[in-house]
Each structure stands twice: as C-alpha cells, then as structure tokens.
Amino acid sequence: MTEPVISLRAVRAELGSRTVLRGIDLTVNRGEVVALLGANGSGKSTAVRTVIGQVPVTDGEIELFGTPRRRFRDWRRLGYVPQRTTAAGGVPATVTEVVASGRLSRARLGILRKADHEAIRRAIDLVGLADRAKDSVNALSGGQHQRVLIARALASEPELLIMDEPMAGVDLASQEVLARTLRGEVARGTTVLLVLHELGPLEPLIDRAVVLRDGCVLHDGPPPKAVGQHALPGHDHVHPHAAPGTEPVRTGLLS
Amino acid sequence: MEFLNYAFMQRALLAAVLVGVTAPAIGVYLVQRRQALMGDGIGHVAMTGVGLGFLLSWSPVWMATLVSVLGAVLMELIRWYGRTRGDIALAMLFYGGMAGGVMLINLAPGGTNANLMSFLFGSLSTVSQEDITAICVLAAFVIVMTLALRRQLFAVSQDEEFARVTGLPVRALNLLTAVTAAVTVTVAMRVVGLLLVSALMVVPVAAAQQLTRSFAATFAIAVAIGVTVTIGGTVTSYYRDVPPGATIVLLAIAAFMLLTALATPLARRRAKAAVTASGDPAECVIPVAGEAAGAGVARDTVPASRGSAEGSAG
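As given, the protein sequences belong to chains W and S, one line each in that order. If you count by numbering that gives the first Met the number 0, then the first sequence holds residues 0 to 254, one letter each, in order. If you count by numbering that gives the first Met the number 0, then the second sequence holds residues 0 to 313, one letter each, in order.
These aren't lab readings, by the way, just hints derived from the structure by calculation. What you were told as hints is all true, and nothing was included just to trick you.
Not the full set, but computed from the structure, chain W residues with beta-carbon under 10 Å of chain S:
1. Arg75
2. Ala87
3. Gly88
4. Val97
5. Arg102
6. Gly109
7. Lys133
8. Asp134
9. Asn137
Nothing here was measured: the structure is a model prediction, and the numbers come from that model. Glycine included, C-beta positions come from ideal geometry on N, C-alpha and C.
Assemble the whole structure, with the sequences as input and the hints as a guide.
The following block contains the structure:
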C-alpha cells in the first residue's frame with residue numbers, strides 16, 4: 000500500500016533567474032492526502048507545477064506512478080485544479096462545456112460517448128452544481144467557479160488529484176461543498192496533493208503536511224495545529240505549534 | 000433576384016457565404032483565447048504575400064496564404080518564447096508585413112498601389128473562377144478543423160495549462176489555430192479586404208454572445224450572423240453602388256448594436272426567472288441567527304473572511 004504515486008528527489012527549479020526550489024524531497028503514497036503549506040513565495044505552487052511538467056526542473060528526479068515524469072503519458076490518471084479565480088474564457092460557456100474539457104484525457108479524438116457524458120454529469124453533481132449545469136460560468140460566484148474547476152478535474156475519474164489553492168477566495172458555503180466532495184474522493188481511495196494557504200475546513204482530511212520555506216522543506220509530518228484566525232487574509236505565516244490547552248478558533252463549518 | 004443570373008454575382012455570393020461561415024468559426028476561438036486582434040495582425044502580414052504574388056506573377060491568393068501561414072506560425076512562436084517584449088516583436092511583424100507589401104507591389108512590373116486597394120478593402124465583383132476554387136478549398140479546411148477539433152480547441156482556448164495536463168497536444172493545436180486563422184484571412188481577403196478581415200472574425204462573435212450562455216450556441220449564432228451580413232452586404236452592394244466590404248462590416252456592427260439592445264431585457268427576464276426558481280426572496284432579508292448555515296445564493300456572496308468571523312461568533 001505504500002506505493003509512491005508522486006515522488007520528488009532533490010528537485011531544483013528556477014523561474015527566470017531566481018531559484019525557487021533548492022532541492023525538495025516529497026513523496027505522496029497511494030491513498031494519502033498531503034497538504035503543501037508555506038508562505039507566499041515559498042515555492043509550493045512551483046513544486047506542484049514541476050510535478051505536472053509546467054515548470055522545468057534544473058536538477059533532481061520526479062516520478063509519477065513510478066514512471067519518470069518525462070516519459071509519463073497516462074494523464075487520465077491525474078486530475079489537476081490550477082490556481083485560478085475564474086473558470087470563464089472570452090466567450091460564454093456553460094458549466095457542462097467547461098467540465099467536459101476534463102474528460103478529454105479519456106476520450107479518443109475528442110469524441111465523447113454516453114459513458115463520458117455520464118461521468119461529466121456525475122462530476123458536476125459531486126460539486127453540487129447540477130442545477131446550474133446549463134448556466135454560463137459567467138453567472139457564477141467565485142466559490143462556484145472553483146467548484147467548476149474541481150468538477151473539471153474530477154471528470155476524468157482520476158486516481159490522483161493535484162490542487163493548487165482550491166480554497167483561495169472561496170466563500171464558506173462552497174468551502175463546505177468542496178470539503179465534502181474531497182472527503183468522498185478520499186473515501187474512494189483517491190490520492191490528493193493540495194497546495195493550501197491554511198488548512199481550514201479540510202484539516203480533518205489531511206494525513207500529512209509538508210511545509211516549505213524559501214524553496215526548502217521545513218516540516219514533513221502530521222499537519223500543524225492552530226490555524227484559525229492567523230489563516231485569515233493578511234496573515235502569511237504558518238504556525239506549526241499550538242499553545243497547550245487552547246481551543247483553536249475554527250474557520251470552517253465542518254471542523 | 001435577377002442578380003443571380005450573373006456569373007460574377009454567383010461567384011461573389013458563394014465567396015461571401017464561405018467567408019460568413021469561416022471567419023466567425025475560427026474567430027470564436029480567437030475571442031475565447033482573448034486574441035481577438037490576431038486576425039488583424041495576420042491581415043497585415045498577408046499584404047507581403049500579395050505583393051510577392053504580383054512580383055513573381057503567381058496567384059496572389061495562394062501567395063498570401065503561404066506568407067500569412069508563415070506569419071501566423073511566427074507569431075505563435077513569439078508567443079511561446081517571447082517574454083515581456085513579445086508585443087514589440089509582434090508590432091515589428093505586423094508593420095513590417097504591411098510595409099513589405101507596399102514595397103513589393105511597387106517593385107512588381109506594372110504594379111501600383113491601385114492593385115493593392117482591391118486586396119486592402121476587398122473587390123468582390125472581380126473574384127475570378129480561379130479565386131473561387133482557392134476560396135472553396137481553403138474554406139473547407141477551416142470548416143473541417145473548427146468543427147472536428149471543436150472540443151480540443153475549446154479546451155486549449157479556455158485554459159491552456161489545464162489542457163496540457165489533460166495530455167492534449169497543446170503546441171500542435173495552437174499552431175493549428177494560428178494556421179487556420181491565417182487561411183481564413185486569405186479566404187476573406189477578396190470579400191472584405193485585409194484591413195477589415197478581423198471585423199468579421201470578431202464582431203459576429205461579440206454580437207452572438209450578447210444573447211448566449213453556451214459556447215455551442217455562440218458558435219452557431221455567430222456563424223448565422225456572419226452569413227446574414229455577408230449575403231446582405233453583397234446584395235446591397237449590387238443594388239446600391241457601395242463597397243461590399245465596408246457594407247458587410249457596418250451591417251455586422253449594426254447587428255451587434257441591435258442584439259446588445261435586445262439583450263438587456265432578456266438578461267433581466269432570465270435573472271428574474273432564476274430568482275423565482277431558487278425561491279430566494281427578491282429583497283434583502285437579514286437571516287435569523289439560527290438559519291445562518293442555510294447556504295443560499297445570498298450566502299455565496301459573503302467574503303470568506305467576513306464569513307469566518309460570523310461563524311466564530313455564532
């Protein structure tokens with residue numbers, strides 16, 4: 000059961016001339032939920048983007064499902080939620096149309112069959128947007144945009160979900176839906192790697208947290224406690240320690 | 000309908016219809032990727048092709064196709080590798096293409112800028128049988144590409160990074176979009192002219208999206224508007240002695256304004272229907288403390304920071 004799904008060894012990466020990752024080791028095993036935490040600029044988004052091949056690696060090795068990243072072609076096993084504030088493009092598109100893009104990794108030549116349309120409908124249902132499926136994404140709120148992006152990642156029924164700040168700018172109602180969706184996916188055995196600014200309502204789901212600072216791994220182990228108020232916008236720092244006996248102020252409805 | 004008896008008019012109408020279909024069909028993807036003015040840039044580059052065609056006494060249509068395809072590929076490469084100064088490089092390409100066209104046509108034996116005028120602003124009545132063959136072949140390519148690859152092109156135009164992670168050949172699809180746009184420019188060149196090509200790629204799409212909620216409907220309505228204005232402009236130019244290219248573009252803009260005016264009451268009616276369907280009160284109602292968790296549309300607009308303060312208080 001400890002087969003690594005993602006494995007990074009001594010990974011270094013640069014953006015422009017700035018070194019962002021200075022030798023990162025990170026392993027995510029099958030069925031694990033790992034949160035990548037850290038301040039702005041600590042390299043957490045870059046780390047995730049090296050995994051999916053969007054940022055070139057200057058040194059080190061990355062493996063996905065045991066295959067070196069360069070030779071990995073089985074993209075249907077992976078669902079990706081990029082860091083976005085909107086799911087909309089320059090032309091109106093319905094929720095179904097946007098989510099259908101996520102199914103293309105399983106559709107040959109871009110032809111969607113009956114099973115594909117069912118998977119798309121299920122994914123929309125999972126994020127609680129079934130009644131908005133035919134609406135334009137332009138008509139949705141920020142939290143609902145994020146739900147569309149997550150449904151798009153779920154449409155390929157992936158074994159591994161990689162999410163970059165899925166809770167950024169998301170209202171509480173949507174945070175709750177997202178936490179519930181994710182709990183369902185984890186229960187089905189999906190492996191999850193998330194970039195988070197704060198643990199929030201996802202805290203109970205997270206098996207392990209990896210904290211980055213200045214492109215190095217600072218902490219790899221149980222999720223740090225005591226988020227709460229310090230995780231509100233404007234607070235960039237992570238608190239790995241809780242004062243004994245204090246009940247942390249919860250940010251989400253679920254915790 | 001006696002204009003249908005003239006061969007030049009039949010050719011003109013066929014060319015106009017093909018432009019009406021192809022320009023919005025590729026234009027919708029350009030607007031989606033927020034590159035609405037790419038067609039304009041390719042139009043400038045195509046002028047060098049026209050000039051080269053005159054200079055070498057080759058068909059200006061095929062020469063323009065070749066040069067604008069090369070120009071479009073070059074623009075796509077600049078977009079990949081270009082960093083912050085990509086816009087400067089594009090400006091060089093656009094204006095270099097335009098100046099090159101003017102220069103080459105003056106060097107051509109017997110060539111004057113008068114020849115260029117028919118390509119800049121279109122010359123529908125002088126479309127030859129040879130031109131029509133070229134236009135039909137090129138238009139068929141554009142229609143097949145934009146329909147057969149619609150899901151892939153939609154995904155790439157909507158979110159390029161995500162498309163790469165789904166394993167789509169994003170570079171190939173981007174190049175294909177650029178090449179298809181270049182081909183469309185040369186299809187439309189004889190009808191509306193290189194300077195007005197971009198209008199037919201963008202304006203019908205902008206008009207259609209005043210009414211639509213889905214991409215598929217935007218595509219279909221944009222093509223319908225495109226065909227309507229190109230036929231309308233061609234027929235108008237037959238009865239009144241007006242330039243067809245300009246007439247077509249002005250009709251498209253009129254369609255945009257008409258649909259924008261119609262869209263406001265439509266949007267209001269839709270919003271009202273949505274409110275009735277969700278059962279939310281039309282006016283602001285402050286929820287009772289115990290009901291705060293009953294998430295609804297109103298709840299969704301509460302910023303996360305405010306919401307958490309509320310949650311801890313309750």
